[in-house]
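Now for the letters of each chain:
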Amino acid sequence: MQWSMKVDMALPVPVRVILRGVGQVFFCGNAVTGLIFLIALYVGGVTAGLAATVGVVTSTITAYLLGFSDDDIDAGLYGFNGTLVGPCLFLFLENTPQLWIYVVLASILSSVVLAALIRILTPYKIPASTSPFVLTCWMFMVAVYSFDSFSRGPVLPSPEIPAAIASADLPAAAWLSSMTAETTEMWYVALTKGVAEVMFADNVLVGILFLIGIAITSWRGAFMALCGTFVGVLVPILLGANQNLIEMGLYAFNPVLTMMAIGWVFLKPSTGTAFLALIAGILTVICQAGLANFLAPIGLPTLTFPFVLVMWMFLFAAGISKHWSN
Amino acid sequence: MQWSMKVDMALPVPVRVILRGVGQVFFCGNAVTGLIFLIALYVGGVTAGLAATVGVVTSTITAYLLGFSDDDIDAGLYGFNGTLVGPCLFLFLENTPQLWIYVVLASILSSVVLAALIRILTPYKIPASTSPFVLTCWMFMVAVYSFDSFSRGPVLPSPEIPAAIASADLPAAAWLSSMTAETTEMWYVALTKGVAEVMFADNVLVGILFLIGIAITSWRGAFMALCGTFVGVLVPILLGANQNLIEMGLYAFNPVLTMMAIGWVFLKPSTGTAFLALIAGILTVICQAGLANFLAPIGLPTLTFPFVLVMWMFLFAAGISKHWSN
Amino acid sequence: MQWSMKVDMALPVPVRVILRGVGQVFFCGNAVTGLIFLIALYVGGVTAGLAATVGVVTSTITAYLLGFSDDDIDAGLYGFNGTLVGPCLFLFLENTPQLWIYVVLASILSSVVLAALIRILTPYKIPASTSPFVLTCWMFMVAVYSFDSFSRGPVLPSPEIPAAIASADLPAAAWLSSMTAETTEMWYVALTKGVAEVMFADNVLVGILFLIGIAITSWRGAFMALCGTFVGVLVPILLGANQNLIEMGLYAFNPVLTMMAIGWVFLKPSTGTAFLALIAGILTVICQAGLANFLAPIGLPTLTFPFVLVMWMFLFAAGISKHWSN
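Protein chains in written order, with numbering that gives the first Met the number 0: chain A, 0 to 325; chain B, 0 to 325; chain C, 0 to 325.
Calculated directly from the structure, the hints in this document are not laboratory data.
Remember, predicted model here, so these are calculated numbers, not experimental data.
Cβ atoms here follow ideal geometry from the backbone N, Cα and C, with glycine treated the same way.
One or more hints might be untrue.
Pair by pair, the computed Cβ-Cβ distance ranges are [claimed, not checked]:
hint: 1; chain 1: A; residue 1: 124; chain 2: B; residue 2: 1; range: 41 to 49 Å
hint: 2; chain 1: B; residue 1: 148; chain 2: A; residue 2: 121; range: 35 to 43 Å
hint: 3; chain 1: C; residue 1: 270; chain 2: A; residue 2: 237; range: 30 to 38 Å
hint: 4; chain 1: C; residue 1: 173; chain 2: A; residue 2: 63; range: 55 to 63 Å
hint: 5; chain 1: A; residue 1: 151; chain 2: C; residue 2: 237; range: 36 to 44 Å
hint: 6; chain 1: C; residue 1: 100; chain 2: B; residue 2: 218; range: 30 to 38 Å
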C-alpha cells in the first residue's frame with residue numbers, strides 16, 4: 000500500500016534496512032511489514048524475537064563489512080537469513096549463553112553463503128532465497144553433537160516423526176465433514192499456524208499478524224500465502240499424513256513460501272502463473288514429506304528447503320518457457 | 000536405418016512425438032525404435048506398459064502446456080523421463096488406484112525438472128539425461144512413508160542388499176570356467192537382462208527386443224549397449240559382487256547407458272572414444288556399488304544415477320580435452 | 000625462495016611435473032617443495048609413500064593422455080589429487096595386492112573429475128582444489144562393501160566417532176592452563192600433526208617437514224598453515240570437542256588448508272584477507288564437526304571436504320565483494 004512505502008522511505012537508513020531484512024522473510028522489502036513481523040516474533044516468544052534481532056543485525060553488518068552490493072543490503076536481502084537463523088537455533092538447540100556466539104557465527108556465515116549463491120545464481124536470475132539459512136543451520140545443528148558446550152533442546156514434533164507414529168489418528172473425513180464448530184476450529188488453527196511456522200512460531204496470532212504484514216505490502220502476496228497454507232493443509236489430509244503435524248501447520252509453511260514466490264514475486268502475475276503456483280504448492284507438500292524422511296536418520300528438520308528446491312526447479316524451468324519468463 | 004527414419008517421418012505428429020519419447024530412453028529419437036520398446040514393455044508386463052504410456056503422454060503434454068522448446072518436444076526429449084517414472088513407481092510402490100495420481104504428478108514434475116536442468120546444462124552442452132526421472136522418483140518414493148494412501152510394494156532384490164548377504168555364493172571361477180551349457184545360459188540371461196533392466200524388466204525377451212530396437216536406429220549404439228552389459232557382468236564378477244544381482248542384470252543397466260552415451264551419442268565416434276567409453280563403463284560399476292551402499296540406509300535404489308554421474312563427469316571433462324570435444 | 004624456483008626450473012620436465020603435483024597438495028607448484036613432501040610421506044610410511052607416487056604418476060599421465068590443458072599439467076594441478084588418493088585408500092581399506100588396481104582406477108577418475116570441475120568452475124575463477132580426491136575416494140570406499148575382493152582396514156580414530164564417546168576426557172582447562180612440560184608437549188604434538196594429517200600422517204616429524212616444504216615456497220603460506228593448525232586445536236578445545244581427535248590433529252588439517260587458500264593463495268594478501276582467513280578457519284572447524292556427524296552413519300570420513308566447502312563459499316562470495324576480488 001502507498002502509505003506503507005512512504006513510511007518505509009521516511010525511516011532512518013539503518014532502521015529501514017534492518018526492518019526490511021525481517022520483511023524479506025516473506026519477500027516484503029518494506030519496513031512497515033518488517034516491523035509487524037518483528038512484533039509478531041516477540042509475541043511468539045521474547046527469546047525468539049531477540050534471537051531474530053541479533054541475527055538480522057549481525058548478517059546485515061557482515062554484508063556491509065565484507066563489501067557486498069549496497070543495493071542488495073538496502074533492500075534487506077542480507078537480513079532475512081539472519082532473521083531465521085536466530086530463532087531456528089534457539090528452537091532446536093538448548094538455550095545456553097554460549098548459544099548466542101553460535102547465532103552470531105551462523106548469521107555471519109549465512110551472509111557469506113548468500114553472497115556465494117548470488118554469485119552463482121544471478122546469471123540465471125534465480126534467487127538464493129532462504130537456502131543460506133537452511134544450509135547454515137543444518138551445519139551448525141549437526142555439528143553440535145561433537146561439542147560439549149552445546150546440546151540439543153527439546154525437539155518439536157515435526158514431519159521427521161518416524162513412520163510408525165506418522166499414521167493419522169483422525170481420518171481425512173473428520174477434516175472434510177460438514178462444517179461444525181470443531182472442524183472450523185481445526186481449519187482455523189492449522190491455516191494460521193501454517194503461516195506462523197515460517198518463522199518457527201506455533202501460534203495462531205503470530206500467523207494472523209504475518210498475514211496482515213504481507214497484505215500491507217501486497218494483496219496478491221497475502222492471497223498466495225493463504226492459498227499456500229490451504230494447500231499445505233488439504234493435500235496432506237487427502238494423502239493421509241499425520242494429523243498432529245497438519246494441525247501444527249508443519250506441512251503448510253513450505254507451500255506458503257512456494258506459492259508466494261511462484262504466484263506473486265518471481266514470475267509475472269497472471270492466471271497462468273497462479274495455476275503454476277498451485278501445482279508447485281502441491282508438489283512442495285510431497286517434497287516436504289520426502290525430504291523429512293530422508294533427513295530423519297540424521298535428526299535434521301527440513302526447514303524451508305522443500306520450498307527452495309521446488310521454487311528453484313520451477314524458476315529455472317520458467318527461464319526456458321515461452322509463456323513464463325523470469 | 001534409412002527405412003525406419005522414413006516410417007518415423009511419415010507418422011502423424013502426436014504419435015511420432017510419443018513414440019520418440021519412448022525411444023529416447025536409449026537415446027533413439029526414432030518412432031519405430033520407440034514402438035518396439037513400447038511393445039517390449041507390454042511384453043514385460045501390462046501394468047508396466049500402461050504406466051509407461053501414461054508417463055510419456057503426461058510428461059510430453061506438460062512440456063507442451065508449459066511452453067518448453069518445440070524442437071526438444073518433437074525430438075521426444077520430454078517423453079523418456081515420464082516413460083521411466085511410470086514403471087518405476089509401479090515396481091517399487093504398491094499397486095493401488097491412487098498410485099496413478101502419483102504417476103501423473105511425478106511425470107509432470109519430471110518435465111519441470113528436465114526444463115530446469117536444460118536451462119542449467121545447455122551452456123555446457125551437457126544433457127540432463129535420465130536425472131529428472133531419478134530425482135523425481137526418489138522424492139516420491141521416500142515421501143510415501145509419510146502418507147497412508149500409499150505403501151511400499153514388494154521390493155526387488157537390488158544392489159542395495161545389506162553387505163551381510165552381498166557376498167557371492169558362486170565364485171567368479173564358475174562364471175569364467177570353460178564354456179558349459181550352464182555358464183552359457185548364465186551369461187545369456189545376465190547379458191540380456193542387463194539391457195532389459197534399464198526399464199525395470201527382469202526379462203530376457205525384453206532385453207533382446209530393446210537391442211533390436213536400438214540396432215534399428217544405430218548399429219554402433221547396439222554394439223555399445225552390448226559392450227556395456229558385458230562390462231556390467233564381467234567387472235562385478237571379477238570384483239566379487241553378489242551373484243544374484245549380477246545374474247539379474249542389476250550391475251549392467253547403468254554401464255549399458257554409460258557406454259552408449261560416451262561411445263556413441265555425445266562424443267565423436269572413434270577408437271579413442273570407444274576406449275573412453277570402456278573406462279567409463281568400468282567406473283560406472285564401482286559407482287553403482289558405492290551409490291547403492293550410500294542409499295541403502297534410506298531404502299532407495301540407485302536407479303540410473305550412477306550412469307548419470309559418470310556420464311556427466313566424462314562429458315564435462317571432454318569439454319576441455321584437446322582430443323574429444325562435445 | 001629464489002633458489003628453489005631455479006632448481007625447480009632446472010629439473011627434467013617429467014620429474015618436475017610429478018614433484019610439483021605432490022607440492023600442489025599444499026598449493027605449492029614447486030618441485031623442491033614437492034620433493035620434501037614426498038620424502039616426508041616415505042618417512043611417515045613406505046606404503047603411503049609408494050601409494051602417493053603411484054597416484055601422482057597415474058593421475059598426471061591420465062591428464063596427458065586425455066588431452067587436458069598442458070599448462071595445468073605442467074603446474075602439477077593434475078597430480079595432487081592422485082597424490083592424496085593413494086595414501087587415503089591404503090589407510091582406510093585393507094592392504095591387499097588388488098588395492099593397487101583400485102588406486103590406479105581412482106587416480107584415473109580423479110583426473111577426469113578434476114577436468115569436469117575445471118570446466119564448471121573456471122568461469123567463476125574458483126579452484127576445484129581437493130574435491131576430486133574427496134569425491135573419488137568416498138565413492139571407492141563406500142563401493143567396497145559390495146565387493147569380496149576388498150575389505151575395510153583397521154579404521155583410525157576419527158571425528159566420525161559416535162557422540163557417546165566424543166566427550167572430552169580432559170577439560171579445556173588442561174590445555175589452557177599455565178605452560179607446563181605436559182601442556183607444551185600436547186600443543187606441540189597437536190599443532191604439527193594437524194599439518195601432517197593433510198596427507199594422513201599421524202606423525203610429528205612429517206608435519207615439520209611439510210611446514211619446511213611450504214616455507215621454501217612461501218613464508219606467508221607457512222604462516223597461514225601454522226595459524227590454521229592453531230585454530231584447529233584452540234577452537235575445538237573451547238567448544239569442548241573430543242580430546243583424542245584434537246591431539247591427533249584431526250580437527251586441524253582442514254583449517255590449515257582453508258587458511259592457506261583464503262589468506263595466501265586465492266585472494267590478494269592483506270590484513271583484511273588474513274582476518275577473513277581466520278573467520279573461515281573457525282567456521283571450518285564447525286563444518287568439520289557437522290560433516291563428520293553427517294557422514295558417520297555411512298562410515299565415511301570427512302577427508303578434506305570441510306575445507307573445500309568453506310573455501311568455495313568464501314571465494315564465491317569474494318567474487319562479488321567490493322573489497323576482495325579473486
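(request) Tell me, in ascending order, the numbers of any earlier hints that this structure violates. (result) 3, 4 and 5
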